[in-house]
Every structure is written in structure tokens, then in C-alpha cells.
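Asker: Residue numbers (numbering that gives the first Met the number 0), protein chains in the order written: chain A, 0 to 140; chain B, 0 to 298.
The reader is advised that the hints may include incorrect statements.
[Claimed, not checked] Part of the chain A face toward chain B, derived, beta carbon under 8 Å:
| no. | residue |
| --- | --- |
| 1 | Val-25 |
| 2 | Phe-28 |
| 3 | Pro-29 |
| 4 | Ile-126 |
| 5 | Leu-129 |
| 6 | Gly-132 |
[As the list claims (entries may be wrong)] In the DSS-like style, the derived pairs of lysine-lysine whose C-alpha atoms are separated by at most 25 Å in a straight line are:
| no. | chain 1 | residue 1 | chain 2 | residue 2 |
| --- | --- | --- | --- | --- |
| 7 | B | Lys-163 | B | Lys-129 |
| 8 | A | Lys-13 | B | Lys-163 |
| 9 | B | Lys-66 | A | Lys-13 |
| 10 | A | Lys-13 | B | Lys-144 |
Simulated from the structure, these hints should not be mistaken for lab results.
Using N, Cα and C, we set each Cβ at its ideal position, and we do this for glycine too.
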Amino acid sequence: MGIVFQDFRLLFHKRVFDNVAVVLQVVGFPRKEVRRRVFNALRMVNLNHKMWEYPSHLSYGEQQRVAIARAVVNNPKIILADEPTGNLDTELALEIMSLFTEINKKGATVIICTHDRELIRHFGQKIFFLYKGKLLREETV
Amino acid sequence: MILQKLQHFQRETLNNLWQFRARNVFSITIICLSFLIVGIFVSLSNNLRYMAQQISKDMVVVFFLEKNMDASDRAVIEQELNNSSLVSRIQFISSEQALQNFLNKFPELEGIIENLETNPFPSSLEVTLKEKDFSYEETQPFLDKMKQISGIEDVQFNKDWVEKMQSLSRLARAVGFFLGGILILASFFIVSNVIKLNVFARKDEIEILRLVGGTNTFIRIPFLAEGIILGALGGMLSLLLLFIVIRLFPVYLGSSLGVLNELISFRYLSFSQSTAIISSGAIIGFFGSMSSLAKFLKT
Chain A
0 MGIVFQDFRL
10 LFHKRVFDNV
20 AVVLQVVGFP
30 RKEVRRRVFN
40 ALRMVNLNHK
50 MWEYPSHLSY
60 GEQQRVAIAR
70 AVVNNPKIIL
80 ADEPTGNLDT
90 ELALEIMSLF
100 TEINKKGATV
110 IICTHDRELI
120 RHFGQKIFFL
130 YKGKLLREET
140 V
Chain B
0 MILQKLQHFQ
10 RETLNNLWQF
20 RARNVFSITI
30 ICLSFLIVGI
40 FVSLSNNLRY
50 MAQQISKDMV
60 VVFFLEKNMD
70 ASDRAVIEQE
80 LNNSSLVSRI
90 QFISSEQALQ
100 NFLNKFPELE
110 GIIENLETNP
120 FPSSLEVTLK
130 EKDFSYEETQ
140 PFLDKMKQIS
150 GIEDVQFNKD
160 WVEKMQSLSR
170 LARAVGFFLG
180 GILILASFFI
190 VSNVIKLNVF
200 ARKDEIEILR
210 LVGGTNTFIR
220 IPFLAEGIIL
230 GALGGMLSLL
240 LLFIVIRLFP
250 VYLGSSLGVL
260 NELISFRYLS
270 FSQSTAIISS
280 GAIIGFFGSM
290 SSLAKFLKT
């Protein structure tokens with residue numbers, strides 16, 4: 000399972016490449032395989048040209064895309080995104096949601112937790128409304 | 000897979016040391032200064048002990064023998080002295096030799112000696128004691144026993160010196176245990192807290208690594224390695240600074256202190272003491288990292 004956070008949770012003293020690679024290093028992937036997968040993940044979020052930058056040199060939208068690349072680099076079946084657009088303006092939020100749609104089309108289930116009803120109605124397939132931890136109702140778009 | 004992880008840990012440790020170099024230099028400096036104080040103290044204590052050894056090395060007991068003692072009786076006494084574990088060297092001084100020694104030392108008194116009809120100096124055995132076994136509690140019973148042997152007229156032994164040397168050694172040891180203990184304890188807290196601050200400053204990183212699936216061991220190892228390296232580097236740097244202090248201090252003091260100059264001069268640490276300082280740094284670094292990581296890696 001891959002996780003995306005509202006506040007990105009990136010390692011600011013490490014380059015974009017290392018931020019994404021850490022997930023694979025945790026499990027002890029060989030270096031070649033790490034390089035290949037990280038490059039693919041960054042290409043998917045369209046950030047392979049900023050692989051050697053530090054996160055502080057990137058925009059908020061780009062930082063969130065790095066976080067998404069980190070979440071997908073291990074090819075998880077499920078991606079859990081906690082308010083992934085909470086810190087972004089509308090334009091960037093749409094960009095990130097499109098990215099999630101793309102990931103979903105490739106076969107991963109994407110669970111997004113958000114307060115933005117408009118955005119989720121536009122992109123979501125199945126919506127669960129929660130109130131104080133209890134399921135109120137569900138909708139299929 | 001283990002090899003991959005080891006390579007990762009090695010890379011990670013070196014990267015982090017370089018990445019947080021300003022903070023690490025600060026940590027190393029604090030560790031170095033703490034150990035430098037301990038090192039200076041150990042060095043002074045070494046000097047005191049060295050001086051005590053030098054003085055006790057020359058400690059000689061003189062057994063004055065009866066006049067006209069024949070060689071076989073003297074051999075019995077020498078045999079008795081040789082049997083003692085305290086004796087390092089025995090030298091026989093005949094009465095003629097003793098007279099000659101006196102004249103060599105005090106040539107102006109030659110006239111007085113010439114007026115005497117007989118040689119007033121008795122023959123003697125000069126016994127050098129072993130410096131390792133040198134202790135008043137041990138030497139006194141030995142001397143008492145030797146006094147009982149027939150043929151020995153008198154024993155000359157500078158008891159005052161023995162007692163002074165004894166109290167000096169006791170002082171050096173007591174000061175060593177007391178001040179050394181306090182200093183080592185203080186530097187332990189300083190060093191482990193510096194390492195802790197270093198880990199605290201990176202608590203976000205620990206949290207993120209946990210969130211992306213890092214096991215406790217995976218997160219812990221680079222931090223522990225960094226702690227060990229910082230501690231050991233601090234210890235090494237303190238030895239280097241101590242070397243400089245030892246070289247420069249006598250130059251700074253010059254000869255103005257005279258005899259005191261020798262008393263407070265520094266003596267460099269022995270190999271085992273130097274190793275102890277470096278390994279203490281590494282051990283404190285390890286435990287400092289370990290205890291601060293425990294706060295963030297509770298399962």
C-alpha cells in the first residue's frame with residue numbers, strides 16, 4: 000500500500016530521487032532496480048527532469064507529485080491519499096487528481112480522503128460519506 | 000538483500016554526516032572539549048605517578064655491618080636479603096670504600112679524617128628496593144626482621160621520604176578517582192545529550208521513514224553508526240588537541256616556574272588511555288543515539 004499525505008512528508012535534506020527511492024531501499028531492492036523503478040515513477044508524475052533537485056527547490060504541486068511517485072514506486076495495489084489536495088490551489092489540485100485517475104487506470108485502487116466535495120464528485124467513482132468515523136451513505140458516480 | 004542494505008546503511012551514514020556537517024562539527028567540538036578536559040587531567044595524573052615512581056626508584060636502605068665481619072657471615076646476610084621479594088639490588092660497601100666516598104663528597108674535611116687513628120666508617124650493604132613493591136606497610140616488617148639478624152648493627156632508611164611518597168601516591172589516586180570520576184560522568188552526560196540533540200533535530204525524518212515502511216532496525220542503524228563516528232572523532236580530536244597542549248604549554252610557561260614546572264608538566268597518555276578515550280566516545284555516541292531513538296521508535 001502506498002500513502003500520500005496532505006503535507007507531503009518529504010525528506011528535505013535528500014534529493015527527489017532519494018525521496019522516492021527510500022521506499023525500495025527499506026525492502027533492500029538492488030541499486031539497478033531502484034534506479035529503474037524510481038525513474039519510471041518520476042516519469043509518470045512528469046518530474047524525471049527534476050530528479051536531482053532538492054524538494055525545497057520545487058513548487059507545492061511538484062512536491063506533492065514527488066510524494067505520489069514515492070507512493071506508487073513499489074507498485075502497490077492500494078494507494079491511500081489523505082487530503083492530497085488540501086494544501087494546493089484549484090489548478091494544482093486538478094492536476095494531482097488527474098494523476099490519481101491515471102494511476103487508477105493502470106490498475107491500482109486509489110482511496111482519497113478529502114473535504115472537497117466538488118473535486119471528488121468530478122473524479123471519484125465511488126464516494127463514501129463519513130461523519131465522526133461512521134459511514135453515512137455511499138454513492139456511485 | 001543483506002548486502003544491499005549494508006551498502007545502503009554505509010551510504011546513508013556518510014551522506015548524513017556530510018549533509019548535517021555544521022551540526023556534526025558542533026557535536027564533535029563539544030565531545031572533543033569534554034574529552035580534552037578529561038585528557039588534561041589524566042595527563043597531569045600520569046605526571047604525578049611518573050614522578051612518584053622516579054623518586055621511589057632511588058630509594059635505598061643501608062644496612063651497617065659489624066666491624067671485622069668475615070665474608071661467610073656477610074654471605075648469610077646477603078642470602079637473607081636475596082630471599083626477600085622486595086629487594087632489587089645489593090651492593091657491598093667496604094669501610095675503606097665508605098671512607099673514600101666520604102672524602103670524595105667532602106674533600107674539605109680531609110684533615111679531620113687524617114687525624115683519626117682508625118677508620119670510623121663501618122662496612123655496609125646498600126639495598127635498592129623494587130619500585131613496584133614499594134610500600135611502607137611491606138617494607139617496615141622486612142626491616143624489623145633484618146634488624147634481628149646478628150651482624151647488622153644499624154639500618155638507615157629515610158622513613159620520611161617513604162611516607163611522603165606514599166601520601167603523594169595516595170593523593171594522586173584519590174584525586175584520580177574523585178575528579179576523574181566526576182569529569183567522566185559530566186562528559187558522559189554532555190556527549191550523550193549532544194548526540195540526543197542531533198537525533199531530536201531529525202525526528203521528522205524518523206517519522207517519515209516509519210510512515211514509508213522503514214523497520215526500526217532500518218531507521219536505527221545509520222543513526223547509531225553516526226553516533227559512534229561522531230563520538231570516536233570527538234575523542235580523536237581531543238587527543239590531537241591534547242598533544243598540541245602538551246607541546247605548547249611548556250613553551251608558554253618557559254622556565255619561570257623552576258621546580259614547579261616539572262611538577263605540573265603534562266605527560267602524554269599511554270596507548271591504552273588513548274584507546275579508552277576514543278572507545279568511550281564511540282560507546283557514549285552509541286548509547287546517546289540509542290536512548291534518544293527509543294523515544295521515537297516505540298512500537
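Asker: Looking back at the hints listed earlier, which ones does the structure fail to meet?
Answerer: 4, 5, 6, 8, 9 and 10
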